[in-house]
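With chain A fixed as given, assemble chain B onto it according to the hints.
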Amino acid sequence: MTKQPLLALAALALAVPAAAQVKLNGAGATFPNIIYQDWILTYNKAHPDAQLNYQSIGSGGGIRQFSDGTVDFGATDAPMKDSAIAAIQGNVLHIPTVLGGDVPTYNLPEIKETLRFTPDILADIFLGKITKWSDARLAAVNPGVKLPAEDIVVVHRSDGSGTTFIWTDYLSKVSTEWDQKVGRGTSVNWPVGLGGKGNEGVTATVKQTPGALGYVELGYAMANQLPAGMVRNKAGKFITPSLESITAAAAGAMKEMGPSTDFRVSITNPEGDAAYPVSSFTWFLLHQQYEDATKAATLVKFVWWAETDGQSRAAPLGYAPLPKPLRPWIEARLKTITAGGKAVWTTAAR
Amino acid sequence: MTTVPLEPVAAPDTRWRVLRGRNASDRLYRGALTALALMLPLLLVAFLGELGTSAWPAIRHFGVRFLVTSVWDPVAEVYGAAPMIFGTLASSFLAVLIAVPLALGVAIYLTEFSPKWVRQPIAFLVELLAAIPSVVYGLWGIFVLIPFLRTYVVPPLRALFGWTPFLSGVFYGSSLLAGSVILAIMILPYIAAVSREVLLAVPASQREAALGMGATRWEAVWTAVVPYGRAGLIGAVILGMGRALGETMAVTMLIGNRHDISLSVLQPAYTMAAAIANEFSEATTNLYLSALFEVGLILFVVTVAVNALARLLIWRVARGTAVGSRAL
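The listed protein sequences correspond, in order, to chains A and B. Each residue of the first sequence is one higher than the one before, starting from 41 at the first, in my numbering. Each residue of the second sequence is one higher than the one before, starting from 4 at the first, in my numbering.
One chain only, chain A, in its complex shape (with noise of 0.2 Å):
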């Protein structure tokens, strides 16, 4: 008669601590927040100890948090600044977790064909130096378009973001006159144009703006069947932008990296018949030294799931999924997280 419910007790001192739930809270980027719910709800339902908590507040929002320590991991869209790191004593490791891209979209309804665009035609474009559609360099890379003799309506994003992050990225690097007067950021000082807040405010204002040429991410443009350009590659072939061609990008770009190379690094403009120039990765901020053994573990075992088996999901709500010979390189980064001084991935085995 006591035995049994002694037993229980027994087993329920057992199971609390095992059960516990780990808590862990996440804030950043909006670009990636749709798959970042995605991840989160999809490992939770395996693992139901694990319950975590992303906030899409923005890079800058999600930076400070992280630096701040009030959240466990931060997301951005745009690498931490050397000055960013060296405020929190180098205590971060940017994680690659999936890849976005820009497009060229424009509002030119008599053409049926799709528009290329050069790098140096994008950069002139955006720094006000061709303004009509009928420009011949235009002319010279579209040939058998008519291109009307309309002007053209730069549109960029007013607010800070990744997307202009990555756009202006791009620009910086294949013109040295963009990289001088405006230079790259998630906000610029933008030589002509209009301003429109988020995707949609841009995508309204080139709907409603003939001659409009603005720039949006990937995944919105494909859900709303925007007119996309292609964009001439560094191989010089003229690109449509889609997952694949990104995702080729980043394998591209790896050819510059190393196994150590430090994941902040920009992959516009890279190698690759296939790759589409514009495209960036978007981060996972983790700390390279956490107190709680718990929560790191339980971190670390989230992430290198997502990196993993969360890749899949990526591409049916529209990121491009990271290269898989990236893998082993984000797996060496992973490994090298401790807790309280010993590493965590042990703990974290998959």
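Since the hints were made in silico from the structure, they are not lab data. Keep in mind it's a predicted model, so treat the numbers as computed, not measured. There could be a bad hint or two in this list.
[What the hints assert, rightly or not] Computed list of lysine to aspartate or glutamate pairs in EDC-like fashion (alpha-carbon distance at most 20 Å, straight line):
#	chain 1	residue 1	chain 2	residue 2
1	A	K213	A	D160
2	A	K172	A	E153
3	A	K186	A	D175
4	A	K221	A	D160
5	A	K169	B	D263
6	A	K213	B	D76
7	A	K221	B	E115
8	A	K152	A	D122
9	A	K63	A	D332
10	A	K121	B	D76
11	A	K221	B	D263
12	A	K121	B	E80
13	A	K221	B	D76
[What the hints assert, rightly or not] Footprint (simulated), chain B over chain A, 3 or more residues, beta carbon under 8 Å:
#	stretch
14	187–199
15	276–285
Even glycine gets a Cβ: it sits at the ideal position worked out from N, Cα and C.
Just chain B now, with coordinates in the frame of chain A:
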């Protein structure tokens, strides 16, 4: 229970004073109410303090240049807010300019000229405008208002006044004009509703006297009713102005978000509220964030200044009797 002997008192005011503070629960009640009343001013002070300290790095770094320069370059960390200050004031001023005649017209029609049965429905519909979320105004603005302006408003305006600097340059849609028109529509219900209340409160004797002197209805309204309620009417306009200064979402969707000062209403502009909403979440460096806080501080100061000016104006015109002056 102890009874407090009351001394005979002359006026109710002094009697109230005598009663005050005799009873513990009364004292408690009074203390609680005082605390509540102090809460709002304290909140305001705390708000100003927080904005000030957060903005301090930018204030120290840029000084007066922040107010008078036009470059806003987050990459080079150079910030000048002059275009936003200009855009905020210009869009609000234009909006008031467009909204006031309309709102006043609605209010005068409803109080003086309309048959009784249309009053409630029209008043209700006008006030319903205030219930529409501002993002909906923004979308409507992009898809309906801008094409309308482009086709029907800008060409004739250009034909008449194209020679002035106010209508120069190419019109792409998103512009100071589009932002101001949407603001005008948004503040219209506030101005109209308050004006209507003010005009309703004008005593009938005012109208009767004017009509008795042989005035037409129109003359009665303009010479007897509107002047009588002028303080209240100015208050209504200020209420609308205040709302226009702070409006964010609809304006940012329509104004073009360009850090530039142009005299032409057809060119894109920027407002302080829009800049904060746009850039706050991705402001990655401390100076950038601080600059946005300073923009917030300036917006706060501008709003307070406009309100103070309005008070002064009302106080000037309200000497003598006027309806609604006390309420404001």
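Here is what the structure says about each hint:
1. A/K213 x A/D160: holds (10 Å)
2. A/K172 x A/E153: holds (18 Å)
3. A/K186 x A/D175: holds (11 Å)
4. A/K221 x A/D160: holds (15 Å)
5. A/K169 x B/D263: holds (19 Å)
6. A/K213 x B/D76: holds (19 Å)
7. A/K221 x B/E115: This hinted pair is violated, its Cα atoms lying about 61 Å apart.
8. A/K152 x A/D122: Outside the cut-off at roughly 46 Å; violated.
9. A/K63 x A/D332: holds (12 Å)
10. A/K121 x B/D76: Measuring from Cα to Cα gives roughly 16 Å; hence the hint holds.
11. A/K221 x B/D263: Holds, at roughly 17 Å.
12. A/K121 x B/E80: With Cα atoms ~13 Å apart, A/K121 and B/E80 stay inside 20 Å; holds.
13. A/K221 x B/D76: holds (10 Å)
14. 187–199: holds (count 4)
15. 276–285: violated (count 0)
This entry does not satisfy hints 7, 8 and 15, going by the numbered hints stated previously.
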